[in-house]
Amino acid sequence: MAAVQQGRSELGVALLLLVLGGWALIDAQQLDATAGTSGPVGPKTVPVAVGILLIVTAVLLAVDILRGGRGEQEAGEDVDLSHGSDWKTLGLLVAAFVANILLIDRLGWPVSGAVLFFGTTFALGSRHLIRNAIISIALSVGTWYLFNLGLGIALPVGILKGIL
Amino acid sequence: MDSLTELLNGFATAAHPTNLLYAFVGVLLGTAIGVLPGIGPAMTIALLLPLTYALEPTQAFIMFAGIYYGGMYGGSTTSILLNTPGESASVVTAIEGNKMARKGRAAAALATAAIGSFIAGTLGTLALALVAPAVVTVAIKMGAPDYFAVMVLAFIAVTTVLGSSKIRGLAALAIGLLVGTIGIDPTSGQQRLTLGLPELADGIDVVVVAVGLFAVGEALWIAAHLRRTPAEIITVGAARMTREDWRRSWKPWLRGTAIGFPFGAIPAGGAEIPTFLSYVTEKKLSKHPEEFGQGAIEGVAGPEATNNASAAGGLVPLLTLGIPTTATAAVMLGAFQGYGIQPGPRLLETQPELVWGLVASLFIGNVILLALNLPLAPMWAKLLRIPRPYLYAGILFFASIGAYAANLSTFDLWLLLILGALGFGMRRFGLPVVPAIIGIILGPTAEEQLRRALQLSDGHVSGLANTWFSKIVYVVILLVLIVPPIVTRLRTREPVKVGD
Numbered sequence: 001m002a003a004v005q006q007g008r009s010e011l012g013v014a015l016l017l018l019v020l021g022g023w024a025l026i027d028a029q030q031l032d033a034t035a036g037t038s039g040p041v042g043p044k045t046v047p048v049a050v051g052i053l054l055i056v057t058a059v060l061l062a063v064d065i066l067r068g069g070r071g072e073q074e075a076g077e078d079v080d081l082s083h084g085s086d087w088k089t090l091g092l093l094v095a096a097f098v099a100n101i102l103l104i105d106r107l108g109w110p111v112s113g114a115v116l117f118f119g120t121t122f123a124l125g126s127r128h129l130i131r132n133a134i135i136s137i138a139l140s141v142g143t144w145y146l147f148n149l150g151l152g153i154a155l156p157v158g159i160l161k162g163i164l
Numbered sequence: 165m166d167s168l169t170e171l172l173n174g175f176a177t178a179a180h181p182t183n184l185l186y187a188f189v190g191v192l193l194g195t196a197i198g199v200l201p202g203i204g205p206a207m208t209i210a211l212l213l214p215l216t217y218a219l220e221p222t223q224a225f226i227m228f229a230g231i232y233y234g235g236m237y238g239g240s241t242t243s244i245l246l247n248t249p250g251e252s253a254s255v256v257t258a259i260e261g262n263k264m265a266r267k268g269r270a271a272a273a274l275a276t277a278a279i280g281s282f283i284a285g286t287l288g289t290l291a292l293a294l295v296a297p298a299v300v301t302v303a304i305k306m307g308a309p310d311y312f313a314v315m316v317l318a319f320i321a322v323t324t325v326l327g328s329s330k331i332r333g334l335a336a337l338a339i340g341l342l343v344g345t346i347g348i349d350p351t352s353g354q355q356r357l358t359l360g361l362p363e364l365a366d367g368i369d370v371v372v373v374a375v376g377l378f379a380v381g382e383a384l385w386i387a388a389h390l391r392r393t394p395a396e397i398i399t400v401g402a403a404r405m406t407r408e409d410w411r412r413s414w415k416p417w418l419r420g421t422a423i424g425f426p427f428g429a430i431p432a433g434g435a436e437i438p439t440f441l442s443y444v445t446e447k448k449l450s451k452h453p454e455e456f457g458q459g460a461i462e463g464v465a466g467p468e469a470t471n472n473a474s475a476a477g478g479l480v481p482l483l484t485l486g487i488p489t490t491a492t493a494a495v496m497l498g499a500f501q502g503y504g505i506q507p508g509p510r511l512l513e514t515q516p517e518l519v520w521g522l523v524a525s526l527f528i529g530n531v532i533l534l535a536l537n538l539p540l541a542p543m544w545a546k547l548l549r550i551p552r553p554y555l556y557a558g559i560l561f562f563a564s565i566g567a568y569a570a571n572l573s574t575f576d577l578w579l580l581l582i583l584g585a586l587g588f589g590m591r592r593f594g595l596p597v598v599p600a601i602i603g604i605i606l607g608p609t610a611e612e613q614l615r616r617a618l619q620l621s622d623g624h625v626s627g628l629a630n631t632w633f634s635k636i637v638y639v640v641i642l643l644v645l646i647v648p649p650i651v652t653r654l655r656t657r658e659p660v661k662v663g664d
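Protein chains in written order, with our numbering: chain A, 1 to 164; chain B, 165 to 664.
Simulated from the structure, these hints should not be mistaken for laboratory data.
Please note that the accuracy of each hint is not assured.
Pairwise CB distance ranges (calculated) [stated by the list, open to error]:
#, chain 1, residue 1, chain 2, residue 2, range
1, A, Gln30, B, Gln506, 51 to 59 Å
2, B, His180, A, Val56, 50 to 58 Å
3, B, Tyr638, A, Lys88, 37 to 45 Å
4, B, Thr514, A, Ile130, 53 to 61 Å
5, B, Ile646, A, Ile52, 52 to 60 Å
6, A, Val98, B, Pro350, 30 to 38 Å
7, A, Asn148, B, Pro297, 55 to 63 Å
8, A, Asn148, B, Pro426, 45 to 53 Å
9, A, Ala99, B, Pro362, 21 to 29 Å
10, B, Thr169, A, Val98, 29 to 37 Å
11, B, Lys546, A, Val56, 46 to 54 Å
12, B, Leu168, A, Ala133, 40 to 48 Å
13, B, Ala402, A, Glu72, 44 to 52 Å
14, A, Gln30, B, Trp578, 50 to 58 Å
With a straight-line Cα cutoff of 20 Å, these simulated EDC-like cross-link-like pairs (lysine to aspartate or glutamate) come out [unchecked claim]:
#, chain 1, residue 1, chain 2, residue 2
15, B, Lys451, B, Glu436
16, B, Lys330, A, Asp64
17, B, Lys330, B, Glu436
18, B, Lys267, B, Asp409
19, B, Lys451, B, Glu513
20, B, Lys330, A, Asp80
Where is the CB? At the ideal position from N, CA and C, for every residue including glycine.
Same shape as in the complex, but just chain B (with noise of 0.2 Å):
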C-alpha cells in the first residue's frame, strides 16, 4: 500500500470520537503546561506521561502528538510575552517577538508564530508522511554497523552543537551513557552498577529520569534563585493580524518549513541551528532589515515555522530508525520502550494503525491548536502570571506522582531526588542536560548495535565501518568535528586575548 492510502486508514484511527478527544485534550494541556514558564515539550511530556499508562498505546501517541505541537507553542507564548525562553528553539524567537509585543503588538506576533506553526507542522507532517515509508525501505537494508555510526553521530552532533562549551557537553553525555548503563546486562543477565539494589536490575524508569532531570533539577534551580520582583508580562488581546503582517509573513513561513524539516530529520542537535539559519536568511531576504532587531515580524514567522517543521523533521528518525534527535524525541522514545514498543523500520510494518494514526493526529492536533490559540490567547497570557510558589510547587507534585505512579515505589522518589539534585548540579555549573538524557535514552540500543556488529566482524574493529553507509556517517562525524573549528578560527584569525 502507498503512504496516502496508509495516512487515510490513519485518518479513520485518529477521527475515532474517543481519539479526537485524546487529540484536543493532549493539544489544551500541552498548551496550557507548555506556555508556563521554565517548562519546555520535553519537560511538558514528561509530566504527562503518567495520565498515559491507563491508555492503548494508539490513543496514548495519539494524545503525545497533540501534546507535542501544543508544548511547542505554548513555549512560542512565553518567549513572546515574556522573553528570555527556557527552550533553546524558542530563543530566536524571543529575539524579534518579544520586541513586538513591547510595542504593542504582541496579537500580531502570537498570530504568525500560530499560523506559521500551523502552516509549518501541516507541511511538515506531509514531509513525514511521504519521507518514512522512503527511508523505511534503506532503513531495512541497514544493518548494525550502520546503526551503530547513526548513534555515534547523534551522540557527537548533540554535545558539540548545543551549550557553549564542548567538554561541559561531553560530560554530560559521559554521565547518561553511565546512567545507561545501570542494570542488568541484557546479553550476559549480569548486574552491572546496581549496587546490589534489586530496584535497580531493571535499570531506571525513563519517566523518573526524564522528570528528575527536567522538572524537579528546574524546579530547584529556580528555587535557588527566585526572582523576587515577578517579571513584566505584557497584556495582549486575540491574536490577529493585519493585510501588511499576512504580506510579509507568508514567506518566511514557507522558507522556515523548508530550512526546518530537514534539519530536524538528520541528527543534528534540534532546532538551535535551524532556527538561526531562518532568522539570518529572513533578515538578508527582508526589505526592512533595519526593523531587525526593533521587532521584525519576518523574524518570529520565519524561526517558528522553522521550529514545527523541525519538530516534525524529527519524528522521520524517530519513527524509521528509533533515533531521537532532540530531548522531546529522546522522552517520546522512553515513551514507545514503556509500551514495549521499538521503534525502527520494522514499526511501520508491525505497528501501522499505531504510526499512521499518530501522523493523522498530527495534522488534526494541529488544526485543534490553531483554533484553539487564535481566540485563547488572552487566556494562555494570564497563565503566565500564576504566582510563582503555585507554579513550581505544582511541578514538584506531578514530578512525585508521576515518578511514584510508574512502580508505585518509594525508591523511585529518592532516585527522582538524586536525579533532581544531579539536574541542578547540571545547571549550575553549565552542563547541558540533553546529551544526558539523549544518553541515557539511546545508550543501551547503541551497545548492543556495537555488540552485533562485531559479533558479525569476529572482533574486528573494521566491522565498525565496512558498510558505505557507515563510512560516509563517519566521514560528516569528522566534518561535524574538524569544521566548527576551522570556521572559528578562520573568522578570528587575530587571536583574542581575553581579559579579566
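If we strip away everything but chain A, and leave its shape as in the complex, we get (with noise of 0.2 Å):
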C-alpha cells in the first residue's frame, strides 16, 4: 500500500520533468533564432537540447519508477526516516518564512527577521517562548547592526527608524 502510493508521488517527479522540458521548448519557440548571432547556434539550440534532456529523462524516470526503481530518501544525523513527511512543521514553517518576506520591507529586518527566528523554532517544536524571544530579537537587530555598520548593507529598518 505504502509502496504504491510512493510510487504514485514518484511519479510525481517524471511529470514535473516533463512539464520542465515543455515548457523549455514552448519558450525557446518565441526566440528569434537569428537575432544578434554571428554563428550556427543561436539562442533556441541550448533550451531546446536541454527541453528535449529533461523529457528524455521524464520518461527514463518513468520507465524505472514502473520496473519498482525508488528514489533513496536523504538520511542525515537529525533525520528520521521512519515517520512520513510531518506537514504541520513544515506549513508553520513555510508561514513562518512567508511572513518575513511580506513583513520586511514595511516593518523593517528588526522585526521580521525575529519573527521569522521566533517562528521557526515555535515550529521546531521549542516552547520556552519567552526565551526563544529575547534571542530572536536580539539576533535580528544584532544582525542588522552587523549588516548596516560593518558590512555598509542597508537591510530596511523599518518601523524602528530613529530608534535604531
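Both chains are sitting in their own frames, so use the hints and assemble them into the complex.
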C-alpha cells in the first residue's frame, strides 16, 4: 500500500520533468533564432536541447519507477525516516518564512527577522517562548547592526527608524 | 617569474595583518559552522558569502580559503562524534572514526584527522602552487572545443559517480541546466525562460541558488523528519595521539595525499571515490586488518588526508580552467563571478595578487586550523549539542538575510522559497543536489563555448572534436560511461533477482 503511494508520488517527479521540458521547448519558440548571432548556434539551441533532455529523463525515470525503482530519501544526523513528512511543522515553517518576506519592507528586518526566527523555533517544537523571543530580537537587531554598520549593506530599518 | 617567487609575493599579501585577520576569522567561522550537523562546506561558504560583500576580492578569497578548510574539518568532527555525516566526502571517515569514538578514542580520531588534514592540505596546496602554472601553459592553448569537452566530462562525471541512481542524477543535471538558462541570452539579448519578470532578466543570483538548494532545502527536509530523541554525542577532551597512533598514522596520511590530489584535480565527481580508495588501500596494507570496522586509526587517517588533498586538487581546475568539480568549488566559482572575475588560464596573469594571495592563505589557514582544532576540540563538540530548533531556525534566518542582502529585493526571498521547495523535493525523491548546482553554474559557460566552437567550424558538429585534446576527453567520457556498468556486470555474472 505504502509502496504504491510512494510510486505514485515518484511519478509526479517524472511529470514535473516533463512539464519543465515542455516549458523550455515552448519558451524557445518565441526566440528569434537569427537575432544578433554570428554563428550557426543561436539562442534557441541550448533551451531546445535542455528541453529534450528533460523530456527524455522524464520518460526514463517513469520507466524506472514502473519497473520498481525508487529514489533514496536523504538520511542525516537529525533525520528520522521512520515516519513520513511532518506537514504541520513544514506548514508553520513556511508560514514563518513567508511572514518575513511580507513584513521585511514594511516593518523592517529587526521586526521581520525576529518573527522569522521565533516562528521557526516554535514550528520546530521549542516552547521556551520568552527565551526564544529574547534570542530572536537579539539576533535580528544584532544582524541589522552587523550588516548596516559592519558591512555597509542597508537592511530595511522599517518602523524602528530613529530608534536603532 | 617562477611560481615560488609568485608564492612568496602571495605570502606577502596574505601576511598583511588585516588579511591574516580575515584568514583567522574565516577558519574560525568555517569550522564553527561546518561542525554544525547537516551543514557541509558548500553550504558553509554559501551562508557566509554575504559577509564578504563589503570586502575587496582578494580579502574575500583569503577569507574563503579559511572557510573552505575550516568547513571541511568541521564536517570531519561531526562525522567522528555523531556518525552519519551529511557530506559525502566524510562518509568514509565516519566508518572508523565513529567506532573509535565509541571506544573512547575520540581524541585520537580527531587528532589524526586534524594532523592528517594539515599535512595533506599543506602538501596539496604546495602541489597546487607547482601544478597550476604548468596547467595554465597547456590551458592557454585550449580552444572552445577543448573547453566544451572538459565541461561535458564534468557534467557526466558528476551525474554518474554521485548517488545510487544515474537517471536521477541526470534529471538533477537537466533541472540545473534549465535553471542556468533563465535570463537574458548574452549573445542575442533575448529573454529566455524569464516569464516576463524583469527580476529574472539577469538570471538567478548564485547566492540564492546555493543557499536555496543547500540551506533552505536541507532545513525544510530535516524539519519534516526531525528526530525527536536527540542523537547520542560522544564527549571528548583535547585531541591528542599516542606514539603508537603516530606510528600507524603517518603512512596513511602520505598515501591519502597521493591518492586525493590527482583525483581532486580531474573532473571525477569529487572526493567520494578517492576517500573510498584510500580506505580500501589502508585496509589492505594494514598490519591490523582485523581492527577495520572496529575503529582502526588508519581508516580515519587515510581518508581524512585524501579528503583534504582532493580539496586542494579541486582548486587546480577551478583556478586554471574555471571548471568546478565539487559543489564547494561551484559555489566558489559563483563567488568569483559575483566579483566579475572569470577564473581561467588568464586569471594568474590578470589577478596574480588574488590567486597567489589565495594560495598562500591556504597554507596559513591550515596552520591556524591545526592550532585551533587540537586544543578546541571539546568546544566544537559542545556545538553539536545546540538545540535543533535553534540550529534550523538559524539556518533559515541566515539564509534569508543572505539572499535578501544580495539585491535588497523580496523577489529573491520568494525565489529562495521556491528553490528550497525544489531542494526539499530532490532530497525526498533521491535526486542528488550536486549535479543541479554544477549544471546551474557551469551551464551558461558551456553554452558559450559550444557556440564559439561551432561558430569556428561553421556549424559542423565535427568542430566539437577537431583537436587531439578534445578527442582524448571524449574517449575518457566514453570510458566513464562504459566501464563501470561492465565492471558491475562482470562482478555479478549471475543475475540476481531482486525479490520484494
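Consistency of the hints with the structure:
1. A:Gln30 / B:Gln506: 51 to 59 Å: violated, 30 Å
2. B:His180 / A:Val56: 50 to 58 Å: holds, 53 Å
3. B:Tyr638 / A:Lys88: 37 to 45 Å: violated, 52 Å
4. B:Thr514 / A:Ile130: 53 to 61 Å: The hint (53 to 61 Å, Cβ to Cβ) holds, given that Thr514 (chain B) and Ile130 (chain A) are roughly 55 Å apart.
5. B:Ile646 / A:Ile52: 52 to 60 Å: Hint violated: Cβ distance 23 Å, outside 52 to 60 Å.
6. A:Val98 / B:Pro350: 30 to 38 Å: The hint (30 to 38 Å, Cβ to Cβ) holds, given that Val98 (chain A) and Pro350 (chain B) are roughly 34 Å apart.
7. A:Asn148 / B:Pro297: 55 to 63 Å: violated, 42 Å
8. A:Asn148 / B:Pro426: 45 to 53 Å: Holds, since Asn148 (chain A) and Pro426 (chain B) (Cβ atoms, about 46 Å apart) stay within the stated range.
9. A:Ala99 / B:Pro362: 21 to 29 Å: Holds, since Ala99 (chain A) and Pro362 (chain B) (Cβ atoms, about 25 Å apart) stay within the stated range.
10. B:Thr169 / A:Val98: 29 to 37 Å: violated, 55 Å
11. B:Lys546 / A:Val56: 46 to 54 Å: holds, 50 Å
12. B:Leu168 / A:Ala133: 40 to 48 Å: Since the Cβ atoms of Leu168 (chain B) and Ala133 (chain A) sit about 57 Å apart, the hinted range of 40 to 48 Å is violated.
13. B:Ala402 / A:Glu72: 44 to 52 Å: Violated, since Ala402 (chain B) and Glu72 (chain A) (Cβ atoms, about 38 Å apart) do not stay within the stated range.
14. A:Gln30 / B:Trp578: 50 to 58 Å: violated, 24 Å
15. B:Lys451 / B:Glu436: violated, 25 Å
16. B:Lys330 / A:Asp64: holds, 11 Å
17. B:Lys330 / B:Glu436: holds, 16 Å
18. B:Lys267 / B:Asp409: Holds. Lys267 (chain B) to Asp409 (chain B) sits at ~15 Å (cutoff 20 Å).
19. B:Lys451 / B:Glu513: violated, 49 Å
20. B:Lys330 / A:Asp80: With a Cα-Cα distance of about 25 Å, the restraint between Lys330 (chain B) and Asp80 (chain A) is violated, given a limit of 20 Å.
Consistency with the previously given hints fails for numbers 1, 3, 5, 7, 10, 12, 13, 14, 15, 19, 20, ordered from lowest to highest.
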